[in-house]
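**Q** Protein chains in written order, with my numbering: chain A, 1 to 355; chain B, 1 to 355; chain C, 1 to 355.
Derived from the structure by calculation, the hints contain no laboratory data. Using N, Cα and C, we set each Cβ at its ideal position, and we do this for glycine too. Treat the hints loosely; a few may be bogus.
Think about it this way: if two alpha-carbon atoms lie no more than 25 Å apart in a straight line, the pair counts; the simulated DSS-like pairs of lysine-lysine are [what the hints assert, rightly or not]:
no., chain 1, residue 1, chain 2, residue 2
1, C, K250, A, K250
2, B, K250, A, K250
3, A, K235, B, K209
4, A, K209, C, K235
5, C, K205, B, K235
6, A, K235, A, K250
7, B, K250, C, K209
8, A, K205, A, K250
9, C, K333, C, K205
Some but not every residue of chain C turned toward chain B, in silico, with C-beta under 10 Å [to be verified]:
no., residue
10, D37
11, N192
12, E208
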Amino acid sequence: MSNKTKTDKTNLGNFFEDFRMGQELRHATPRTVSEGDAAVYMGLYGSRFALSSAATFAQSLGFERAPLDELLGFHIAFGKTVPDVSLNAIANLGYAACIFGAPLYAGDTVHTVSKVIGLRENSNKQSGVVYVHSMARNQHGTVVLEWNRWVMVRKRDANAAAPTGDAPKLAAAVGVDQLHVPRGLQLDSYDNVLAGSPHRFADYKVGEKIDHVDGTTIEESEHAMATRLYQNTAKVHFNQHSERQGRFGKRLIYGGHIISIARALSFNGLANAFRIAAINAGSHVAPSFAGDTIYAWSEVLDAQPVPTRNDLGALRLRTVAAKDQPCADFPYKGEDGKYHPAVVLDLDYWVLMPR
Amino acid sequence: MSNKTKTDKTNLGNFFEDFRMGQELRHATPRTVSEGDAAVYMGLYGSRFALSSAATFAQSLGFERAPLDELLGFHIAFGKTVPDVSLNAIANLGYAACIFGAPLYAGDTVHTVSKVIGLRENSNKQSGVVYVHSMARNQHGTVVLEWNRWVMVRKRDANAAAPTGDAPKLAAAVGVDQLHVPRGLQLDSYDNVLAGSPHRFADYKVGEKIDHVDGTTIEESEHAMATRLYQNTAKVHFNQHSERQGRFGKRLIYGGHIISIARALSFNGLANAFRIAAINAGSHVAPSFAGDTIYAWSEVLDAQPVPTRNDLGALRLRTVAAKDQPCADFPYKGEDGKYHPAVVLDLDYWVLMPR
Amino acid sequence: MSNKTKTDKTNLGNFFEDFRMGQELRHATPRTVSEGDAAVYMGLYGSRFALSSAATFAQSLGFERAPLDELLGFHIAFGKTVPDVSLNAIANLGYAACIFGAPLYAGDTVHTVSKVIGLRENSNKQSGVVYVHSMARNQHGTVVLEWNRWVMVRKRDANAAAPTGDAPKLAAAVGVDQLHVPRGLQLDSYDNVLAGSPHRFADYKVGEKIDHVDGTTIEESEHAMATRLYQNTAKVHFNQHSERQGRFGKRLIYGGHIISIARALSFNGLANAFRIAAINAGSHVAPSFAGDTIYAWSEVLDAQPVPTRNDLGALRLRTVAAKDQPCADFPYKGEDGKYHPAVVLDLDYWVLMPR
């Protein structure tokens with residue numbers, strides 16, 4: 001009951017005409033996450049958010065122990081879909097409605113399944129857009145992450161018939177009522193000093209912009225180690241020999257690596273944003289390469305109390321990462337609507353913060 | 001009861017005349033392996049074989065939890081022998097009959113002991129070949145790995161008397177009946193989809209060649225981190241200041257690093273080769289350096305059912321790694337018997353695969 | 001009850017006039033350490049001291065399991081103080097009387113608190129020297145490390161009034177009676193062969209010098225991964241874009257990285273120095289950069305039996321690290337009292353060794 005059509009032993013991936021509406025793709029290689037993964041992730045990003053850093057802090061919030069960084073789970077779950085969904089991708093077009101469910105703990109095993117929810121052949125018959133909804137579950141079957149993604153995929157044979165089907169309309173943002181609050185969360189003894197900032201939910205105003213000040217330079221071995229840790233096999237990240245002849249002449253950095261760098265930098269200004277609850281949308285505006293120094297800034301797009309909780313708020317943030325460009329002036333888009341040339345990431349997401 | 005002769009506090013290693021037939025070398029620094037080691041290893045190689053990646057998959061095969069990658073155990077055990085056996089090596093000549101025993105789990109401690117099984121002085125009296133048989137055991141005394149190795153070692157003093165003794169004749173390959181099947185292994189619920197390939201034992205034919213397609217570029221910090229993780233102290237891997245004056249002008253990459261890269265690449269085409277059972281022989285045909293991109297291909301040398309099991313087969317594989325050379329044309333040896341100049345590794349080994 | 005004065009969401013750190021005598025600084029982001037941290041640390045330094053390497057060896061000495069490397073704990077605890085103490089530092093002037101307490105085990109959470117014990121404004125009113133005494137405790141409140149440190153910190157406003165207070169006089173060295181012996185330590189079955197050296201306490205003489213022989217070359221990604229693992233946020237280590245315009249034109253390496261490299265190298269000659277008990281003083285004599293190859297040598301400054309133990313001694317060592325300079329000639333200071341230009345580290349510390 002394989003979900004692939006193959007002509008030999010090597011996985012050639014699915015081409016556009018191999019997909020069909022409603023098709024379920026059980027992705028290979030489930031992955032048990034560990035404190036080892038957390039440590040490698042720490043070495044790669046140095047994140048200081050207290051919830052993932054300290055068991056004592058996590059326990060003071062009602063967690064049994066420190067959950068893993070949400071983005072580590074995201075990258076691993078996402079990486080699983082690459083061999084089945086995007087091995088023959090021409091472009092990763094977008095993702096939306098990424099909702100984080102149950103926290104992921106060391107020892108949990110992530111299984112990922114995707115369902116094809118939209119197929120639209122391009123008019124040139126050379127390719128088409130595949131929309132998938134993916135679910136990552138732990139070993140108990142509890143959802144730890146779900147998201148939608150659409151990718152332009154090459155056809156093997158331009159003359160092949162290709163089934164089509166409309167993609168469901170996805171909301172521009174996850175509603176605050178859809179956000180998952182970790183079970184048992186209690187914030188009575190949340191300690192600002194240990195968390196690293198006196199600023200809580202009520203201190204942030206919609207429209208406020210925060211420069212995260214610091215910058216971090218990317219090395220080849222760091223992004224490659226990160227991407228391998230996630231078992232993401234997209235070729236462009238690892239093979240200098242072939243990329244030398246490619247579009248950029250060098251290895252391209254996995255977009256998720258930039259997201260994790262930006263999140264770690266955002267601690268300086270958002271230390272109490274203790275958990276990412278959802279990603280509404282993300283654009284990898286420009287490619288990043290080894291040697292680039294990443295800076296970031298954030299804007300508060302919305303601020304909503306979390307329903308049924310009087311101790312918890314959600315901030316909708318836009319975090320922008322720029323390369324070789326400090327962010328005191330908040331580089332973003334020009335009057336022509338085009339991005340500032342230094343911008344590499346435009347991420348729209350919800351974080352949880354104590355009120 | 002030290003097994004060294006020393007003149008000062010620093011370990012100068014054993015010279016050829018220090019060895020004697022039957023001598024037992026208990027190697028320093030036992031090593032407890034952990035999920036942390038597995039995570040660093042994952043960051044270095046990104047291996048996707050399901051058995052080591054997921055506790056759930058391992059449990060479905062009758063393991064209590066996910067064992068560590070066999071090669072991680074190999075590298076650690078091998079590294080232990082360096083200070084006593086090959087610190088004064090002129091050349092690592094070969095290894096043979098490497099048999100993997102009990103799986104290694106996080107929390108196990110590896111102790112390694114070698115026995116001198118052959119000594120042959122070179123006619124110039126400057127050096128000799130030392131043959132050792134090494135055993136790595138876990139904390140319960142169970143063998144996790146055994147192997148034979150021979151190394152050309154310098155003499156401290158050309159005039160020193162040197163005992164000799166014939167090395168036992170080693171078979172060209174481990175017999176399939178010598179392969180260790182993990183205790184409790186059951187394959188009834190082996191899931192091809194989760195493992196990443198529909199191709200099982202019966203689908204592979206002797207003589208079949210598989211291009212593993214992908215390539216991965218090596219960085220200095222990656223091979224150095226790997227080699228330190230294994231506590232392998234061979235100087236040539238770490239010291240650019242001295243290697244600049246050396247034969248190659250740069251740091252040489254530990255041969256085992258190439259083996260692990262090739263094994264990880266081989267997932268694409270051999271995903272159900274869930275465990276390496278033995279290494280028959282390995283040649284590090286040419287040196288590798290940072291910046292090299294490693295590709296790999298494999299040939300099926302033999303395919304044997306595993307005695308007493310009707311669900312398990314063993315494939316004898318030759319995996320060849322080449323640098324800066326895609327392997328669609330299977331670069332190997334020319335008509336003159338000489339290796340293609342891009343080949344860096346020629347590895348002959350047995351893997352287990354479900355029938 | 002924050003201990004900061006802030007004008008916006010970003011942490012600008014404390015300036016000299018923000019400190020006051022006796023002030024207690026509870027540092028942000030407690031940190032749970034894990035076997036993952038130990039593995040990353042192993043990948044970075046390759047240390048072979050048996051106590052931290054093997055649970056079996058640790059148990060033979062009366063430990064419940066292998067404690068983490070002392071320096072890993074030191075770097076993590078030290079890193080915590082950076083955002084509150086030295087974000088506006090002009091210079092790290094020194095540290096003293098660093099005493100290691102209870103061993104740190106995987107699963108322990110480190111909380112760090114500092115107390116201001118001295119304040120001396122500089123005559124130019126632009127800055128002043130802040131002296132702090134820091135304590136790192138585990139989740140049970142047991143001290144795992146304490147140390148004193150002094151830093152020259154910029155004033156925000158030269159005209160601001162600045163409280164002053166004399167720093168306590170710190171002894172040049174920790175007394176041997178102040179050293180902490182791990183609870184339950186027993187050395188009857190200490191195994192020289194497994195530990196890697198036949199040389200015990202009585203074999204070392206005051207004045208003896210040991211060349212540690214090997215050298216290791218530093219890569220950008222290695223020191224950056226190390227420094228992020230410690231959650232040390234000092235900007236100079238990570239940001240090539242800004243450092244390009246800085247004093248050196250490149251990223252500066254965290255001094256603690258050099259200490260860990262030197263300690264790992266010192267195994268060759270000091271393998272039975274199973275635990276660092278205290279650091280008396282350390283000077284980062286010159287900066288180090290990626291590409292430097294670090295060598296090290298040690299001198300025995302003192303050798304004392306540990307009070308109430310007839311099985312344990314303490315060696316006071318000076319370990320000197322030099323870059324791109326082998327240490328067979330023990331580079332140190334010239335007749336003019338100035339350091340040899342290759343020297344980067346001069347570390348004075350106590351180690352425990354079996355008698």
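**Q** Each hint: holds or not?
**A** Now for the hints, and whether the structure bears them out:
Annotation: proposed proximity of K250 of chain C to K250 of chain A holds, straight-line Cα distance about 23 Å (limit 25 Å). For the hint pairing K250 of chain B with K250 of chain A, the CA-to-CA distance comes to about 23 Å; that is within 25 Å, so the pair holds. Taking the CA atoms of K235 of chain A and K209 of chain B, the gap is near 22 Å; set against the 25 Å cutoff, the hint holds. A C-alpha spacing of about 22 Å is found between K209 of chain A and K235 of chain C, which places the hinted pair at or below 25 Å, so the restraint holds.
At most 25 Å may separate the alpha-carbon atoms for a hinted pair to count; K205 of chain C and K235 of chain B exceed this at roughly 28 Å. As the CA atoms of K235 of chain A and K250 of chain A are separated by approximately 12 Å, the hinted pair is consistent with the 25 Å bound. This hinted pair does not check out: K250 of chain B and K209 of chain C have alpha carbons roughly 30 Å apart, beyond 25 Å. A distance of roughly 41 Å separates the Cα atoms of K205 of chain A and K250 of chain A; the hinted pair therefore is violated under the 25 Å criterion.
Only pairs whose Cα atoms come within 25 Å are accepted, and K333 of chain C paired with K205 of chain C is accepted, the gap being roughly 21 Å. A hinted interface residue such as D37 of chain C counts as satisfied when its beta carbon comes closer than 10 Å to some beta carbon of chain B; here the least separation is about 7 Å, so the hint holds. For N192 of chain C, the interface hint holds, since its Cβ comes within 10 Å of a Cβ in chain B; the closest pair sits about 6 Å apart. For E208 of chain C, the interface hint holds, the least distance from its beta-carbon to any beta-carbon of chain B being 8 Å, beneath 10 Å.
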